[in-house]
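Novice: Sequence:
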Amino acid sequence: AKAPGPGFTSWFVGDFWGGILRGDVGISESYQEPAFQVVRRGAGYTLPLVFGTLAVAVLVSLLMVGLLLWLPFPSLRGAIRWGLLILSITPVFILGYILQNQGVLPHAITFAVVSACVAILCVGDGNLGEMILQFEGEVRHLRSQDYIHAAGLRGASRFKHMLPGLLLPITSVSAAKVAFLLGSVVIVERLFRVPGLGEASLNAAKDGDALLLLSLTVFITGVVALVALIRDLVEIAIDPRLRRSKEDGG
Numbered sequence: 029a030k031a032p033g034p035g036f037t038s039w040f041v042g043d044f045w046g047g048i049l050r051g052d053v054g055i056s057e058s059y060q061e062p063a064f065q066v067v068r069r070g071a072g073y074t075l076p077l078v079f080g081t082l083a084v085a086v087l088v089s090l091l092m093v094g095l096l097l098w099l100p101f102p103s104l105r106g107a108i109r110w111g112l113l114i115l116s117i118t119p120v121f122i123l124g125y126i127l128q129n130q131g132v133l134p135h136a137i138t139f140a141v142v143s144a145c146v147a148i149l150c151v152g153d154g155n156l157g158e159m160i161l162q163f164e165g166e167v168r169h170l171r172s173q174d175y176i177h178a179a180g181l182r183g184a185s186r187f188k189h190m191l192p193g194l195l196l197p198i199t200s201v202s203a204a205k206v207a208f209l210l211g212s213v214v215i216v217e218r219l220f221r222v223p224g225l226g227e228a229s230l231n232a233a234k235d236g237d238a239l240l241l242l243s244l245t246v247f248i249t250g251v252v253a254l255v256a257l258i259r260d261l262v263e264i265a266i267d268p269r270l271r272r273s274k275e276d277g278g
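29 is the number of the first residue of the sequence shown in this note's numbering; add one for each residue after it.
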């Protein structure tokens with residue numbers, strides 16, 4: 029596909045989107061190779077980081093909520109909660125700078141670098157603190173429900189009965205976090221020289237590579253839209269009220 033020029037509208041509607049359907053939008057000026065190849069290679073680094081971080085953040089948040097609800101001392105619970113919140117509001121670039129000074133080397137993709145990226149994305153920019161607060165509030169709400177009390181009186185597992193109710197906020201929060209993580213990953217990839225989508229975006233912006241920037245934007249938007257669609261499908265599958273509303277509307 030030719031580069032954007034005076035006929036940008038016709039290029040964008042015809043050549044660019046036609047190239048997406050064909051799987052070839054043209055050559056990236058920054059990398060001197062097909063733009064789709066750059067996007068695919070970057071996605072191989074970025075998407076595992078983003079979704080791995082999401083899984084770790086959800087797991088750690090649920091474990092911390094369980095710990096906070098189990099502790100019998102309100103003052104201790106409050107101190108731990110505030111400590112986690114203060115740590116979580118630390119910007120991603122500051123956490124990255126701290127870990128770099130602790131010996132995490134930025135010049136190779138090693139287990140230490142991947143672990144550092146996941147830890148920074150999990151904790152920084154309020155991700156972990158926000159998840160803990162939302163999940164804790166949801167668990168407290170579910171524990172106060174009559175059917176949970178009834179399950180406990182019958183000797184049944186309260187967690188098993190709470191799980192469907194927890195899946196809804198977990199799915200909703202996780203889907204909302206994907207877009208934020210895809211933004212934060214730019215800083216992490218730059219700090220640790222990870223050749224992912226964030227690094228490719230910065231190189232494309234620096235070199236004025238409009239074709240690669242458009243390809244990256246379309247791909248990232250598609251990922252966010254797909255995650256939102258999966259969230260909606262999960263919510264419809266879990267919540268019978270949504271299914272009834274859909275049937276009534278039909």
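Treat the hints with care, as some may be off.
[To be verified] Ranges of calculated distance between the beta carbons of each label pair, as one might list FRET restraints:
#, residue 1, residue 2, range
1, 191, 60, 44 to 54 Å
2, 110, 49, 27 to 37 Å
3, 173, 91, 50 to 60 Å
4, 126, 257, 20 to 30 Å
[What the hints assert, rightly or not] Cross-link-like lysine to aspartate or glutamate pairs, in silico, EDC-like; alpha carbons within 16 Å at most:
#, residue 1, residue 2
5, 234, 57
6, 188, 174
7, 188, 158
Treat the hints as calculated values from the structure; they're not laboratory data. All values derive from a computational prediction rather than experimental measurement. Heads up, the beta-carbon is just placed ideally off N, CA and C, and yes, glycines get one too.
Novice: Determine for every hint whether it applies to the structure shown.
Specialist: Against the structure, the hints come out as follows:
1. 191 - 60: 44 to 54 Å: At 51 Å between Cβs, range holds.
2. 110 - 49: 27 to 37 Å: violated (52 Å)
3. 173 - 91: 50 to 60 Å: violated (22 Å)
4. 126 - 257: 20 to 30 Å: With a Cβ separation near 37 Å, residue 126 and residue 257 fall outside 20 to 30 Å, so the hint is violated.
5. 234 - 57: holds (11 Å)
6. 188 - 174: Roughly 15 Å between the alpha carbons, so the hint for residue 188 and residue 174 holds.
7. 188 - 158: violated (24 Å)
The structure shown violates the earlier hints numbered 2, 3, 4 and 7.
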